[in-house]
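Asks: Spelled out from the first residue to the last, the chains are:
Protein chains: 2
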Amino acid sequence: MLHDGKPGERARGAVSPRRRKFLRGGATALAGIAAGMAGPTALAARGDGGELAVPESMKREGAPVGGEPYGIPSKYEKGVVRHLRPTDKQYFSSSSRSPLQDLDGMITPNGLFYERHHNGVPTIDPAQHRLLIHGLVEGSRLFTMEDIRRYPAQSRIHFIECSGNPGYKVYGKTAAQANGLVSCAEWTGVMLKTVLDDVGVKPGAKWVIAEGADGAGLTRSIPLSKCLDDAMLVYGQNGERLRPEQGYPLRVLVPGFEGNMNVKWLRRLQVSDEPMHSREETSKYTDLMPDGKAREFTYVMEAKSIITSPSGGQKMRGKGYCELTGIAWSGHGKIAHVDVSVDDGKTWHRARLQGPVLDKALTRFRFPWNWDGAPAVIMSRATDETGYIQPTLEQLVAVRGVNSVYHNNAMTPWRIAASGEVTNARL
Amino acid sequence: MLHDGKPGERARGAVSPRRRKFLRGGATALAGIAAGMAGPTALAARGDGGELAVPESMKREGAPVGGEPYGIPSKYEKGVVRHLRPTDKQYFSSSSRSPLQDLDGMITPNGLFYERHHNGVPTIDPAQHRLLIHGLVEGSRLFTMEDIRRYPAQSRIHFIECSGNPGYKVYGKTAAQANGLVSCAEWTGVMLKTVLDDVGVKPGAKWVIAEGADGAGLTRSIPLSKCLDDAMLVYGQNGERLRPEQGYPLRVLVPGFEGNMNVKWLRRLQVSDEPMHSREETSKYTDLMPDGKAREFTYVMEAKSIITSPSGGQKMRGKGYCELTGIAWSGHGKIAHVDVSVDDGKTWHRARLQGPVLDKALTRFRFPWNWDGAPAVIMSRATDETGYIQPTLEQLVAVRGVNSVYHNNAMTPWRIAASGEVTNARL
Chain E
963 MLHDGKPGER
973 ARGAVSPRRR
983 KFLRGGATAL
993 AGIAAGMAGP
1003 TALAARGDGG
1013 ELAVPESMKR
1023 EGAPVGGEPY
1033 GIPSKYEKGV
1043 VRHLRPTDKQ
1053 YFSSSSRSPL
1063 QDLDGMITPN
1073 GLFYERHHNG
1083 VPTIDPAQHR
1093 LLIHGLVEGS
1103 RLFTMEDIRR
1113 YPAQSRIHFI
1123 ECSGNPGYKV
1133 YGKTAAQANG
1143 LVSCAEWTGV
1153 MLKTVLDDVG
1163 VKPGAKWVIA
1173 EGADGAGLTR
1183 SIPLSKCLDD
1193 AMLVYGQNGE
1203 RLRPEQGYPL
1213 RVLVPGFEGN
1223 MNVKWLRRLQ
1233 VSDEPMHSRE
1243 ETSKYTDLMP
1253 DGKAREFTYV
1263 MEAKSIITSP
1273 SGGQKMRGKG
1283 YCELTGIAWS
1293 GHGKIAHVDV
1303 SVDDGKTWHR
1313 ARLQGPVLDK
1323 ALTRFRFPWN
1333 WDGAPAVIMS
1343 RATDETGYIQ
1353 PTLEQLVAVR
1363 GVNSVYHNNA
1373 MTPWRIAASG
1383 EVTNARL
Chain D
963 MLHDGKPGER
973 ARGAVSPRRR
983 KFLRGGATAL
993 AGIAAGMAGP
1003 TALAARGDGG
1013 ELAVPESMKR
1023 EGAPVGGEPY
1033 GIPSKYEKGV
1043 VRHLRPTDKQ
1053 YFSSSSRSPL
1063 QDLDGMITPN
1073 GLFYERHHNG
1083 VPTIDPAQHR
1093 LLIHGLVEGS
1103 RLFTMEDIRR
1113 YPAQSRIHFI
1123 ECSGNPGYKV
1133 YGKTAAQANG
1143 LVSCAEWTGV
1153 MLKTVLDDVG
1163 VKPGAKWVIA
1173 EGADGAGLTR
1183 SIPLSKCLDD
1193 AMLVYGQNGE
1203 RLRPEQGYPL
1213 RVLVPGFEGN
1223 MNVKWLRRLQ
1233 VSDEPMHSRE
1243 ETSKYTDLMP
1253 DGKAREFTYV
1263 MEAKSIITSP
1273 SGGQKMRGKG
1283 YCELTGIAWS
1293 GHGKIAHVDV
1303 SVDDGKTWHR
1313 ARLQGPVLDK
1323 ALTRFRFPWN
1333 WDGAPAVIMS
1343 RATDETGYIQ
1353 PTLEQLVAVR
1363 GVNSVYHNNA
1373 MTPWRIAASG
1383 EVTNARL
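Residue numbers (the numbering used here), protein chains in the order written: chain E, 963 to 1389; chain D, 963 to 1389.
The set of hints was computed from the structure by calculation and includes no laboratory data. Bear in mind that the values here come from a model prediction, so they are computed numbers and not experimental data. Treat each hint with caution, since some may be false.
The list treats identical chains as one, so a pair stands whether inside a single copy or across any two.
In silico DSSO-like links for lysine-lysine, alpha-carbon gap of 27 Å or less [stated by the list, open to error]:
(1) Lys1246 with Lys1021
(2) Lys1155 with Lys1281
(3) Lys1037 with Lys1255
(4) Lys1168 with Lys1308
(5) Lys1037 with Lys1296
(6) Lys1164 with Lys1040
(7) Lys1188 with Lys1246
(8) Lys1021 with Lys1155
(9) Lys1188 with Lys1255
(10) Lys1281 with Lys1246
Next up, chain E with everything else stripped away, as it sits in the complex (with noise of 0.2 Å):
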């Protein structure tokens, strides 16, 4: 589909990895800091030149144990929250988006995991929520939280993307802004299978039509297949329960299907011979062509990838070494490999995938580049395990057009100015 990259050739300015030397006149030299200070009082009393000097911090009790009994963040990264569109004015169906740009690694803390809502965030006492599991079964049944947390329990580590991520309007000038709508975490629950397999599935059943507690009542249909695969009941998220934006106390989640099939709040599952057609997956959530059909159930969300650091916003530190690094994932399984170009797209070069590199999660990776100064457009190319190659948006719009919001999986490229300024290259 796309052109291959040259993972041989060397990116204009790319460091070799055998030796480099980062910091040679970046960092201050110290001369006449001799070895064998016995302190930070003795450090504090040789005052070669005071360059390390004794800080506050050292001269008292600092804040005691226990202060906070559920930690928080520092009050100096009171800046790093969930984004909201800033021309979004309303609030019950709306969205926030991870600050992808001041996160790294693979896990986003539940704190900054992204949010989309159709009818705001219900509260939901888990002792008194039911799930019904019923329709084309042996028996319906009715469970409360402790039926579902007694069947035996799986951790994994899977994304969730929003399918209107970043939508093909909306370019955004952070990477938040322009695919924030994206977050990874450690879920815990049951196997939806073992569930099923459990209450007994009725022979001509192909579909499990999931229903959330919400003011919304947001319906999905999932096919039967995948309910049967890798999907899961969660009601756990990096170790603890799920947070109340993520579902609380219960959600469904259908590792690499678009976001909001992963129904939270879940209280219903009915299975069923055919689809629920339900308002999201008929006013909503299908992709409007060019020809005026619209293509309906375009679950999968397809290998994409975003350089995270530098990104919209920010500005380089200088001429010379900076690590780009960013995020790739794809609903179809393992990322196989992302590639960077630093010259717009014309030539690439094979980034470093940061491990475990996990089905369905987002994977880091890391590419050494020595910045020459002059101004460049930097981007990166998701190639999953199925082979399939992540499109720019000029190649996706060719074939589907601009009529849908969704599932667009297009490159996001980035322009540094001779300044070292970088701003969306769309924008």
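We have chain E already, so just place chain D on it with the hints.
Replies: Just chain D now, with coordinates in the frame of chain E:
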């Protein structure tokens, strides 16, 4: 060292994984609810015994998006917090413990990561923070956080465990009290080797002395070999910046070594030909043996495991199927396997390890069991990839005595009474 487990033998009440009927008769069986319901309103209108009422949460909008820019747990989870020791009256040199019995998976959320401080939690402005590297180096260097963050980064999932987890005489009523000074996160930073190679270590160097910028000026000597192996300078934790309690803005990570060596609020690394013999490695953090000699520099946290559910303070949900689950870890590498006993250590049965099984990371194990309702003592035993087997407390005490409070990696047995109450079998 220990008698072998018998993985092929079925535990008393062990469940065949092929076909289980977990909850038949447990969850409420419903009759008369047909397929084909059209939505929540229709569902309520059917009135099939009113079993699945329409909850209040479906009748109105929920909380708006972005009400909490940094998300927090559900109000129904307010009891899931870090545990202070009930008897601990002083809060500056103290600890709080991860609520292991409420957690699942391998990742500890940042708000519940255990704490151990020697003089409280300092507040440090990252823009003002400096790291000095000096001693047996080609030239002393003073780093800003921006300097550190410019190096090529790496994320790795590792546990950290306090060497005093749990002590020899502190048995604890709950899993948190018994072994809650261990947590696991995805850390991001730079390999310390990268920085030391860049600075240039002089011949004769054998140690690196790390000093924290807290009110205790905590100082530990780390073998240079560890610093050139898998040690890191970390600034990220589960995707976001380090939490203040974990050393914001910078700490040393020495995977598998006792917690206090992972020096927080790191301000100084002194490369030396000999260790510091600092306060924390002479008056504390040595292991006094029965013959009156003290073992110094006992770094590695050896293989350990604990069943977290069911565990002390919990109650069995009745006879029948119950998944035993817990965590295992080793400072020497990966967990090879975990054996579980449900008869006070007489016989052993292989548990299932949940992937990914990573080097020096918490590993979740699970074991299906049918409790017959009779009193039982359950426990787990970890074996790591070096072949080392977790000992019983009796075996450990026979060798090391009870003078030291450190490096107790003995098994934790839980007693299940006929009433279903679970207690620490040592109390």
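Asks: Now tell me if each hint is right for this structure.
Replies: Do the hints match the structure? See the list:
1. Taking CA atoms no more than 27 Å apart as the test, Lys1246 paired with Lys1021 passes between copies only; the shortest distance there is 21 Å, against 60 Å inside one copy.
2. Taking CA atoms no more than 27 Å apart as the test, Lys1155 paired with Lys1281 passes between copies only; the shortest distance there is 24 Å, against 54 Å inside one copy.
3. In the homo-oligomer, the alpha carbons of Lys1037 and Lys1255 never lie at most 27 Å apart, since the shortest distance is 51 Å inside one protomer and 46 Å across protomers.
4. Taking CA atoms no more than 27 Å apart as the test, Lys1168 paired with Lys1308 passes in neither setting, with 46 Å inside one copy and 48 Å between copies.
5. Taking the shortest alpha-carbon separations for Lys1037 and Lys1296, neither the intra-copy value of 37 Å nor the inter-copy value of 36 Å comes in at or below 27 Å.
6. In this assembly of identical chains, Lys1164 and Lys1040 lie within 27 Å of each other by CA distance neither inside one copy nor across copies; the values are 52 Å within and 41 Å between.
7. For the identical chains of this complex, Lys1188 and Lys1246 are intra-copy neighbours only, at 21 Å inside a copy versus 55 Å across copies, given an alpha-carbon limit of 27 Å.
8. In this homomeric assembly, Lys1021 and Lys1155 never come within 27 Å of each other (Cα to Cα): the closest approach is 58 Å inside a single copy and 31 Å across copies.
9. In the homo-oligomer, the alpha carbons of Lys1188 and Lys1255 lie at most 27 Å apart inside one protomer (26 Å), although the nearest pairing across protomers, at 62 Å, exceeds that limit.
10. Within a single copy, Lys1281 and Lys1246 get their C-alpha atoms no closer than 46 Å, and across copies no closer than 47 Å, so neither meets the 27 Å cut-off.
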